[in-house]
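Participant: All chains, please: the whole structure from these sequences, using the hints.
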Amino acid sequence: MITESKIIANGVRISYIKTDLFKTNYLSINFVSPLERSSACFNSLLPLVLMRGTRSYPSQREINTRLQYLYSGDVAARNSSFGEYQIFGFKANMLNNRFAKDLDITMETVDLLSELAFDPYTVDGAFDEAYTEGEKINLIDTIEAEINEKGRYAIKRLMEEMCKEEVFGISKLGSVEEVEKITNKSLYDAYKYAIKHYPIEIFFVGNGDFDKIAEKFTQVFKNIERAPIEVSKVALISEVTRIKEVEETENVKQGKLVLGFRTGYKPEDNKYHLMQLFNEIFGASPVAKLFLNVREKMSLCYYCRSIINQRNGIMLVSSGVEFANKEVAQKAILEQLQMIKDGNITEEELESAKKSLKNGYMQIYDSAEAMEVWAFFRRLCGISTTPKLESEKVKNATVSEIKELASKIKLDTVYFLKGKENANG
Amino acid sequence: MAEYKVKENQMLGEKNYSFKHKSGLEVFVFPKKMTTSYAILATRYGAVDNKFKLDTDSEFTCVPDGIAHFLEHKLFECEGGIDAFELFAKTGASANAYTSNTMTGYLFSCTENFYESLEILLDFVTHPYFTEKTVQKEQGIIAQEIKMYEDNPGARLHKELMKALYKKNKMRIDVAGTVESIGKITAEILYKCYNTFYNLNNMTLSICGDVDVSMVEQACDRMLTEAPKITVIRDTEDRDEPKEVNQKRVYCELDVSKPIFAIGIKDTDIPCNPSERMKKAYAMEILDEILFSQSSAFYNELYEENLIAQDLSSGCELAKGYSFNVISSESSDPEQVYNRFVAYIEETKKNGIDKTAFELAKRTVYASNIKSFDSTEDIANNFIFNHFDGADLLDAPEIIETIDAEYVTGLLNDCFKEEYYAMSVVNPIGE
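Protein chains in written order, with the numbering used here: chain A, 1 to 425; chain B, 1001 to 1431.
Hints may be right or wrong, so weigh each one.
Here are the computed lysine-lysine pairs in the BS3-like style, where the Cα-Cα straight-line distance is at most 25 Å [claimed, not checked]:
| no. | chain 1 | residue 1 | chain 2 | residue 2 |
| --- | --- | --- | --- | --- |
| 1 | B | 1005 | A | 101 |
| 2 | B | 1033 | A | 23 |
| 3 | B | 1005 | B | 1020 |
| 4 | A | 23 | B | 1279 |
| 5 | A | 156 | B | 1279 |
| 6 | B | 1417 | B | 1279 |
| 7 | B | 1279 | A | 101 |
| 8 | A | 156 | A | 420 |
| 9 | A | 101 | B | 1015 |
| 10 | A | 395 | B | 1090 |
| 11 | A | 341 | B | 1090 |
| 12 | A | 354 | B | 1033 |
| 13 | A | 388 | B | 1159 |
| 14 | B | 1005 | A | 297 |
| 15 | A | 331 | B | 1090 |
| 16 | B | 1033 | A | 18 |
| 17 | A | 420 | B | 1147 |
These are calculated hints, taken from the structure and not from any lab test. Keep in mind the model is a prediction, meaning the values are calculated, not measured.
Facilitator: Encoded structure:
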């Protein structure tokens, strides 16, 4: 999928995915950090503070006016966790040069993004104190607002409970207490650490002068001292000694049930396509067992779906149900899993799942960001493959392979968010 | 074979072929060499259509709120207990549907077997099958969907805002209805609505992808029969809407960390000409960009004072039946934001709109319109929305080009008046 990659400085790589399909180009600058409690809050705060000002555009307003001038180059801060990694930085979607008169949108936006990441506005050798303090408040607000979306909140809580011994339960936002402790100095130190030590991945997707863009970043890194760290891979837990049950109450009208499973899957097995195929059959589509049975036949919920994390193999099943139906729903979900474990998959189900999965794979080619995420995250797993290759592999998958894979899946944690007393409506 | 009309926008490098199928269905095809092809079959029928009659009927029929959405769910169930999703599963397409206030659309996206999937789409939407038993089952599922949205702050904020803005306009009706209203739905009422609004003369098929228009026509030939000509009269007493807002403030309480607000600006001056409506909608977008984007004084001042969150969103919704602007964010003090908003608008009116700010905002709106042509899904959906409103998506770049600072200044002076403002606030529980 990647057309070309260059190492332009120690631990800094720029990659090009060439495509003529779009009216836009896509660029991202990513710092790859280990996901750790001590650094997560700094990593999540940094892009926010960096977006407040650069050397040439010292205020947010000036940056955004510049972006309007560059034909609304949408720049967004990025902060995501992927297994043991935390990835933060910036991404931008910019209009192709051919739609502008006398303006090299691509190179001008590359310059701006580069400045956002590597040449921030500083006062006496640190960030502007007001920017840091302002963004701390905003970040704390964001963390506190996680409760607003109950479905997502329930998933976050499940991961915290299930992965107490692992890094996967660590919030990529950090906690309120940790953010409060950040000072302008400690944040700037974290920034200096990041540009020196974290591996950096830059992606350009679209059609442009890649050599020129690579050269631009090569020049940037001439002035940055680099000593990259290696993000160590963590061991995955595949055994469950005791099923954990957690119940909490909030002011909600609908209960949120999340089941966390360990699948025993490891990225190096190179069998993610089988995991995804299993997931299609189990709970990822409108003809999956969960949808057809728990929703359509039993009428228990509006949604009941499963997702599997590609990096750590943790599977989550989430659903919104009446408080009183929690046990029935949980039992129904586990029954559907048992069906697959027993090899109870029809030829039709298998074929549908294969087709649906292939459809999903091939759609990746229609989105610049989807292609970037595919290439980037698989690179982090040490895998090099394309959606086309994966859909080829899926063709030959058999029921016995799925059954074998399902047999290793174990329920680890059950999380239920219910309403306060007498709130059941 | 029907005669295909061609419409092209050379600047964009996009075009569509269209024809009226002999069944009555209008068809539009945007050929585009992307991997994903997308089709949506939609009817001009949404949550607002709760009172209607045929020209041959003497009385209007009133139906329970939420029925268009209910019908959307139920159409997926075919005779013999087969689900349309199962049929799409055989071709590998990913299917879905949505209902808005004014339309219902059934769609799929796929990377192969397009014409087979298209046949399934045309088939299941034209073959309803409802029984009392299947209706009851759906009541359980949709009740859970309604409850999910009741817990959702964004959905509640919008729903309450519509009630604040409008006294009569049916935008007040929640698309999903209420647990109570959907309880009144029966198979008989579903058939009545279906036969009234799912007449092919009232429907449009919009397609974008690596697709051939004559093959689409052949699929229509195979699957569709001529629809009877009927004349539906929709109740329009809700159009008689006062200019002023219904309620200045509406509040509700949910389990949120901080208050969330939406300031609505009601506009009853809706141009009759569809091109004029489109022009006004884009001009309103430009004005919103000038006034409230991250480049604006308003945003930056309030943001620096931590009065609003990072994502202050602003947007305008304009079609023949409704027009309003919404400015929304999170704030510890929505009242103060409201007061600042009012003062800011008055100040901007006094000082006038800055020429450079106008040019940059116009450039932004021009660019985001072009960006929307990078997805087959967006093209087909945006096309149908505009088409149902009488406008043509391919005219957008040129219409944006005609907008000048004077026009936008006119909107600022005419639409932004205090009697047209209302605010919806979702407060944390017990505060």
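Participant: Each of the hints needs a verdict: does it hold here or not?
Facilitator: Results of checking the hints against the structure:
no.	hint	verdict
1	B:1005 x A:101	violated, 32 Å
2	B:1033 x A:23	holds, 13 Å
3	B:1005 x B:1020	holds, 10 Å
4	A:23 x B:1279	holds, 23 Å
5	A:156 x B:1279	violated, 44 Å
6	B:1417 x B:1279	holds, 21 Å
7	B:1279 x A:101	holds, 23 Å
8	A:156 x A:420	holds, 20 Å
9	A:101 x B:1015	holds, 23 Å
10	A:395 x B:1090	holds, 14 Å
11	A:341 x B:1090	holds, 23 Å
12	A:354 x B:1033	holds, 24 Å
13	A:388 x B:1159	violated, 43 Å
14	B:1005 x A:297	violated, 46 Å
15	A:331 x B:1090	violated, 29 Å
16	B:1033 x A:18	holds, 16 Å
17	A:420 x B:1147	holds, 15 Å
The earlier numbered hints that this structure contradicts are 1, 5, 13, 14, 15.
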